[in-house]
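Trainee: Sequence:
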Amino acid sequence: MGRLSKLLILVAFAAGIAVLAAGLITRQPLEGLLHTALILAVAAIPEAMPAVSTISLSRGMKIMAEHKALVKSLPAVETLGSTSVICTDKTGTLTENQMTAERIFLNDGSFITIESSGYTTEGRLLQDERVLTPKDHSLLEDFIRAGVLCSNATLRQEGDRYQVIGDPTEGALVVLAEMVRMGKDHLAEQGWRRSGELPFDSAKKYMVTAYDHDTPTAFIKGAPDVLLGMSRQPAEVVTALRQANDELASGGMRVLAVGQLPEYAGDASPEALQRVLSNVLVLGLAGIMDPPRKDVPDAIRICQNAGIKVKIITGDHPGTASVIARDIGLAGHGQTMSGQEIDQLAGKAEFTEKVSQTAVFARVSPENKLQIVHALRDNGDVIAMTGDGVNDAPALNGADIGIAMGIRGTEVAKEASDMILTDDRFSTIVDAVREGRT
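Numbering of the sequence shown is given in numbering that gives the first Met the number 0, commencing with residue 0 and proceeding in unit increments.
Quick caveat, the hints were computed from the structure, so don't treat them as lab data. For every residue, glycine included, the Cβ atom is placed at its ideal position computed from N, Cα and C. Some hints here could point you the wrong way.
[To be verified] With a straight-line cut-off of 25 Å between C-alpha atoms, the simulated DSS-like cross-links for lysine-lysine are:
1) K204 <-> K67
2) K204 <-> K183
3) K71 <-> K134
4) K347 <-> K71
5) K203 <-> K413
6) K134 <-> K183
7) K67 <-> K353
8) K67 <-> K308
9) K413 <-> K308
10) K353 <-> K71
11) K67 <-> K347
12) K353 <-> K308
13) K308 <-> K293
[Stated by the list, open to error] Now the in silico label distances, taken between C-beta atoms and shown as ranges:
14) A202 <-> G108: 27 to 35 Å
15) E157 <-> G306: 41 to 49 Å
16) A234 <-> T214: 27 to 35 Å
17) A348 <-> A271: 31 to 39 Å
18) A264 <-> E352: 47 to 55 Å
19) S116 <-> A345: 39 to 47 Å
20) I164 <-> S268: 55 to 63 Å
21) N304 <-> G379: 28 to 36 Å
22) A271 <-> E157: 15 to 23 Å
23) D297 <-> A17: 42 to 50 Å
24) A234 <-> H212: 46 to 54 Å
25) G108 <-> D297: 41 to 49 Å
26) G158 <-> R123: 39 to 47 Å
27) G328 <-> A234: 21 to 29 Å
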């Protein structure tokens, strides 16, 4: 529709110029010529054009809704067709959002492999090809207990498999605990009662829970680099944990650090929990796999062939994001930029060019998302930006097209968006852009 409108304008303009030129050649009065040329230019635009445009855009909205993309306004349909950059989340949009823990690294240097089949009670733990249980390894037992008690996800059993209710990343830890008979119900029977919590924050990247038991205990889980930055463990232990984090991330895994707060004495108020965060005992790391959706590589190829850049924006480790980008065939997957780099470069002359050239943004905050949007718009791009959290609302508002997740998105994100994906799939965005271009 946009191309047709431009063509009609050009035709009308050309007709007006032709009349004006012919009149000048035949020495007609200039005032009359201008009047005639203007009338002809206006008359060349069909009277029904606005109605045709509205009907066409309405049809586009209907087709998009049938393909699980709910567009809130007619102008958004046309803007979608002009999209030159899609900024997308990784987890659940490019990936299956079916997370399973595959490897554990403990602070004593042990690597544990988890053999299981998705969300199931069947599986085993292996160390150097030797089957072991948490009872065989006290640090492993502490790690699994801390992981499940510092999680809010729950499970609903369906035969020998589970459905995760809540965050899928937490679900991986909760399923692991059930597999080794250390689930929440079992621990509750042992007297573990939650007394306080610092909820997960996408900016701080950690969560804390406090429990009353034989002795008061507080657990923490979150981004490894954040927790290790709050650790007082020996330098060689921290170094080993950082190296393991890089190794797990380079295998395409999402990595979570799990630990305890040794200075916790029983005051579960938020202020007291904040005070004991200066000394984190990191028990170990969990490597969690979330495979790409099968339809994503084709969708990425379609975008790239159509001249649309795709950029991944995630809170994960740069190595994890880069591997996923490589697996889905994203051009420039090796070009990554961290949230810390964004903070350092924002406002500088080279920032816009750097953002334009980067394909993968990792360890970003909601504020970083908005900085990316501003840089891309300064570069003249038309941006579609995905988001699901409350803190994503500014970036969704700032983009030309804000896209909220219908399944896992918050109401705030949906309200701030121009389009809602009812299936949370990247390929649905591509279908919507294609429809906007027709």
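Trainee: For every hint, state whether the structure bears it out.
Mentor: Against the structure, the hints come out as follows:
Between the alpha carbons of K204 and K67 the distance comes to roughly 31 Å, so the proposed pair goes past 25 Å and is violated. A C-alpha spacing of about 23 Å is found between K204 and K183, which places the hinted pair at or below 25 Å, so the restraint holds. For the suggested pair K71 and K134, the alpha carbons sit about 55 Å apart, so the restraint of at most 25 Å is broken. For the hint linking K347 to K71, the alpha-carbon distance of about 36 Å lies beyond 25 Å, and the restraint is violated.
The straight-line distance between the Cα atoms of K203 and K413 is roughly 23 Å, inside the 25 Å bound, and the hint therefore holds. Distance hint between K134 and K183 is fulfilled; the C-alpha atoms sit about 17 Å from each other, no more than 25 Å. Between K67 and K353 the CA atoms are separated by roughly 34 Å; this puts the pair beyond 25 Å, and the hint is violated. This hinted pair checks out: K67 and K308 have alpha carbons roughly 22 Å apart, not beyond 25 Å.
At most 25 Å may separate the alpha-carbon atoms for a hinted pair to count; K413 and K308 meet this at roughly 24 Å. In summary, the hint linking K353 to K71 is not supported, as the alpha carbons are separated by about 33 Å, beyond the 25 Å threshold. For the given pair, K67 sits about 40 Å from K347 by alpha-carbon distance, which is inconsistent with the 25 Å threshold. The straight-line distance between the Cα atoms of K353 and K308 is roughly 14 Å, inside the 25 Å bound, and the hint therefore holds.
Restraint check for K308 and K293: the C-alpha separation of about 20 Å stays at or below 25 Å, so the hint holds. Checked against the hint of 27 to 35 Å, the C-beta distance between A202 and G108 comes to roughly 32 Å, which is consistent with it. About 45 Å separates the C-beta atoms of E157 and G306, a value consistent with the hinted range of 41 to 49 Å. The given range of 27 to 35 Å is respected by A234 and T214, whose C-beta atoms sit roughly 28 Å from each other.
Checking the proposed 31 to 39 Å range against A348 and A271 shows it is violated: the Cβ atoms sit about 46 Å from each other. Separated by about 52 Å at the C-beta atoms, A264 and E352 satisfy the suggested range of 47 to 55 Å. The supplied range of 39 to 47 Å is met by S116 and A345, whose beta-carbon atoms lie about 44 Å from each other. At about 28 Å, the beta-carbon gap between I164 and S268 misses the expected band of 55 to 63 Å.
Take N304 and G379: their Cβ atoms lie about 21 Å apart, and the range 28 to 36 Å is violated. Restraint check, A271 to E157: a C-beta distance of roughly 40 Å breaks the suggested window 15 to 23 Å. Between D297 and A17 the C-beta distance comes to about 48 Å, which sits within the given range of 42 to 50 Å. The hint said 46 to 54 Å for the Cβ distance between A234 and H212, and at roughly 31 Å that hint is violated.
Range check, G108 to D297: about 42 Å between beta-carbon atoms, so the 41 to 49 Å window is met. A hinted range of 39 to 47 Å is violated for the C-beta pair G158 and R123, which are about 19 Å apart. Separation of G328 from A234 is about 40 Å and departs from the stated range, judged on CB atoms against 21 to 29 Å.
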